[in-house]
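There are 2 protein chains.
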Amino acid sequence: MSQTIRIGICGYGNLGRGVERSISQQADMSLVAIFSRRGKAGVEPLNPLTTVEHLDQMIHYQDKIDVMILCGGSATDLPEQTPMIAQYFNTIDSFDTHAKIPEHFAAVDKIAQKHQHVSIISVGWDPGLFSINRVLAEAVLPVGESYTFWGKGLSQGHSDAVRRIEGVKHAVQYTIPSQDAMNRVRQGEQPQLSTGDKHSRECFVVLEEGADAARIEQAIKTMPDYFVDYETSVQFISEANFMQEYQEMPHGGVVIRSGQTGEQTQQTYEFKLNLGSNPEFTGSVLVAYARAAHKMKQAGQVGAKTVFDVTLGDLSAKSAQDLRKFYL
Amino acid sequence: MSQTIRIGICGYGNLGRGVERSISQQADMSLVAIFSRRGKAGVEPLNPLTTVEHLDQMIHYQDKIDVMILCGGSATDLPEQTPMIAQYFNTIDSFDTHAKIPEHFAAVDKIAQKHQHVSIISVGWDPGLFSINRVLAEAVLPVGESYTFWGKGLSQGHSDAVRRIEGVKHAVQYTIPSQDAMNRVRQGEQPQLSTGDKHSRECFVVLEEGADAARIEQAIKTMPDYFVDYETSVQFISEANFMQEYQEMPHGGVVIRSGQTGEQTQQTYEFKLNLGSNPEFTGSVLVAYARAAHKMKQAGQVGAKTVFDVTLGDLSAKSAQDLRKFYL
Chain A
1 MSQTIRIGIC
11 GYGNLGRGVE
21 RSISQQADMS
31 LVAIFSRRGK
41 AGVEPLNPLT
51 TVEHLDQMIH
61 YQDKIDVMIL
71 CGGSATDLPE
81 QTPMIAQYFN
91 TIDSFDTHAK
101 IPEHFAAVDK
111 IAQKHQHVSI
121 ISVGWDPGLF
131 SINRVLAEAV
141 LPVGESYTFW
151 GKGLSQGHSD
161 AVRRIEGVKH
171 AVQYTIPSQD
181 AMNRVRQGEQ
191 PQLSTGDKHS
201 RECFVVLEEG
211 ADAARIEQAI
221 KTMPDYFVDY
231 ETSVQFISEA
241 NFMQEYQEMP
251 HGGVVIRSGQ
261 TGEQTQQTYE
271 FKLNLGSNPE
281 FTGSVLVAYA
291 RAAHKMKQAG
301 QVGAKTVFDV
311 TLGDLSAKSA
321 QDLRKFYL
Chain B
1 MSQTIRIGIC
11 GYGNLGRGVE
21 RSISQQADMS
31 LVAIFSRRGK
41 AGVEPLNPLT
51 TVEHLDQMIH
61 YQDKIDVMIL
71 CGGSATDLPE
81 QTPMIAQYFN
91 TIDSFDTHAK
101 IPEHFAAVDK
111 IAQKHQHVSI
121 ISVGWDPGLF
131 SINRVLAEAV
141 LPVGESYTFW
151 GKGLSQGHSD
161 AVRRIEGVKH
171 AVQYTIPSQD
181 AMNRVRQGEQ
191 PQLSTGDKHS
201 RECFVVLEEG
211 ADAARIEQAI
221 KTMPDYFVDY
231 ETSVQFISEA
241 NFMQEYQEMP
251 HGGVVIRSGQ
261 TGEQTQQTYE
271 FKLNLGSNPE
281 FTGSVLVAYA
291 RAAHKMKQAG
301 QVGAKTVFDV
311 TLGDLSAKSA
321 QDLRKFYL
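Top to bottom, those sequences are chains A and B.
Numbering follows our numbering, in which position 186 of the first sequence is assigned residue number 186; successive positions increment by one, without gaps.
Numbering follows our numbering, in which position 312 of the second sequence is assigned residue number 312; successive positions increment by one, without gaps.
Chain A extracted, bound-state conformation (with noise of 0.2 Å):
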C-alpha cells in the first residue's frame, strides 16, 4: 500500500458529490474517474480536471480502480448495479431498502465470492454507523431495550409527498426527534415507543399562486402512512424565503440503549449524529469503508460483507501500531 488507493465513483448526484469531496479529505486515496450514464456531457464534478466516462467505459478501468464506490439509489440503481459491477471491482454500496438487505447481500456474495472481490453494502450511517452501535449496545449490555430517534433531518420522501399535493409549489419536511422521549429512555424508564410517539413532522411550504392553504395544511395532515400517525405542523412561506433558507440538508438522529447490570444498575449508552450535510456524510462514511473494502481484498478477503464484518484496524488509515498507542 505505498501507492494510494485509486477510487472510482459511480453515479453523480447528491452522493456522489459527497463522496467526490470525501476523497479530497483523504491523504491515502485518489479518484480516477466518474462514471454516469449522463456520460461526459452530462456531469459537472466539483473539480474540473476530474474524469468523468459514460457508464459502458468502466469495464475499461479494471487496472486502474481499486475500489468503486456505487453512489446509485437503493430502488432500482443498486440492486442491478451492485452485482454487476461486482464482476469487476470491489464494491462500496449504500443499499438501504432494509426489507431487502438479505436478498442484495446474497445476490451480491454470489457474485463477489466468484469474482474474488470484497463487495462492503449497507454502508453510510442508517444502515451503517447506527447499526454498528445497535450491535454493539447490546453485546456490551445484554439486557436492556433500544431505541433510534431520527432528526432532526430533512426526509426526501416526506417531502415528495408533500410536493406530489395540488397547489403545491415546493416543500421539505423535518423528522423531528421528540425531546421528551428521549429524556424518558435516558432516565431508564424503557417505555414502549412507536415511531409516531418519538417523532414530530414539520412541513415548510410555498403554494401555487391561488391555492388554499387551508385544503392543503388538512391533505397533509391527514396523509396515511406519511403524517397521520403523527403531530405535524405545516408553515406556509415565500419562495423566496424557501430558496434562502431551505435548501440544505441536515440529519443526524440517537441510538439509546437503556441496559441493566447486576442487580438493576441502570446503564445507558447513547450514540448521535448531528450532521449539517446528510449526502456529504454519508459519502464521507463510503469512502472510509472504501479503504477497508482495499485491505480486506489485501488480505485475501472475497465476498459480500457489512460493516458487521469489518474492523477498526481495516477502516482506518493509521497503522496497528498507531492505533495502539495513540487511540486505545
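Worth flagging that the hints you see were computed from the coordinates, not collected in a lab.
Take these hints with a grain of salt, some might be off.
[Claimed, not checked] DSBU-like, lysine-lysine: derived pairs with alpha carbons at most 30 Å apart:
#, chain 1, residue 1, chain 2, residue 2
1, A, Lys297, A, Lys100
2, A, Lys318, B, Lys114
3, B, Lys110, A, Lys295
Assemble chain B onto chain A, guided by the hints.
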C-alpha cells in the same frame, strides 16, 4: 458452538464481581470457576455454588475453560498475569496504563502467538468503547478535532489522594465534565481545551474527630497534579451520610468529534455513556469480548488483539444472518 462458551475469572474484586454478574446475563456462556490468590476461603462469590480455586490450580482447567477473563489491576497484576496465563488460555484483560500498552501488547503477543491463543488486551470502556469511537469518528471525519470528557464519575485515584490527607476519615471524588466546554464542542467551535478546562472535581469528605476542615480543604485544592489545575469543590459530610449516599461507583463520559466535510459543513459525532456502576459495565464489556476471543480462536486467529481487531460479528451473540436482517 452448540455448547456454551466456558469462562474463567481470574481475580475477584469489584471487576471480578461485575464479570460474574454479567456472565449470568449471557445465554451462550457459563462460568466454570473463579481463581484468586486468596483461594476458596478468601472469596465469597455472588452465586454460592460457583467453584472457587486458588490461582495455582488454574493450569488444571485447560480443557474446561475456553476464555479466562483477567480482573486484576494494571499496575502490578496484569503485566505479569496476562503473558503468563496466555500460555494456557485465550484471555481478556482491561489493561489501562495508556503509556505502557505497546509494551504490554508485545509481551502478550509473543506468548499468545507461541501457544496459539487469542488474547484481547485493554478491553472496557476507556480504553475500549471510547477507543473504538475515537477511531471510527476520525475514519469517517478525517478533518476535525476529537474530544474526550469523563464523568460524572467516581475517580478511585483522586479519592485515594484525598484519603491520604491527615484528618480525613472517608472521602470520594467525582469528576464532572464541563457542560459549557461540551456545548462549545457540540456547536463546532473546536476550542483548545486542557483537561482542567474540560472537567471540575467535587470532593465529599468525612473528617476525623477534631480535624481542621479549613486546612484539609486547602490541602485538597492545592494538591499538585490531582487538584491544583481544576476547579475543585469540597464538602464535608457526616459519616452516616457518606455510608448511605456515597457508596456507588457511577462513571461515564463523552467522546465528541467535531468535523467538517465539503466546504466547512459542520458534522458532529458523539458517543456517550452514563453508567450506574463502572465495574459492572466494564465487566459486561469484558464478557462480550470473551465471546469474540472464542470465535476468533475457532476461526484460526491467534496472538494479542485489541478492540480494533474485532468485528461486531464476532462480538455479538447473534448469527450473521440475523444481524443483517434485524440490525442493519
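Tested hints:
Between Lys297(A) and Lys100(A), the direct Cα distance comes to roughly 25 Å. Compliance with the 30 Å bound is thereby established for this hinted pair. About 27 Å separates the Cα atoms of Lys318(A) and Lys114(B), which keeps this hinted pair within 30 Å; it holds. Distance check on the hinted pair: Lys110(B) and Lys295(A) sit about 24 Å apart at the alpha-carbon level, within 30 Å; holds.
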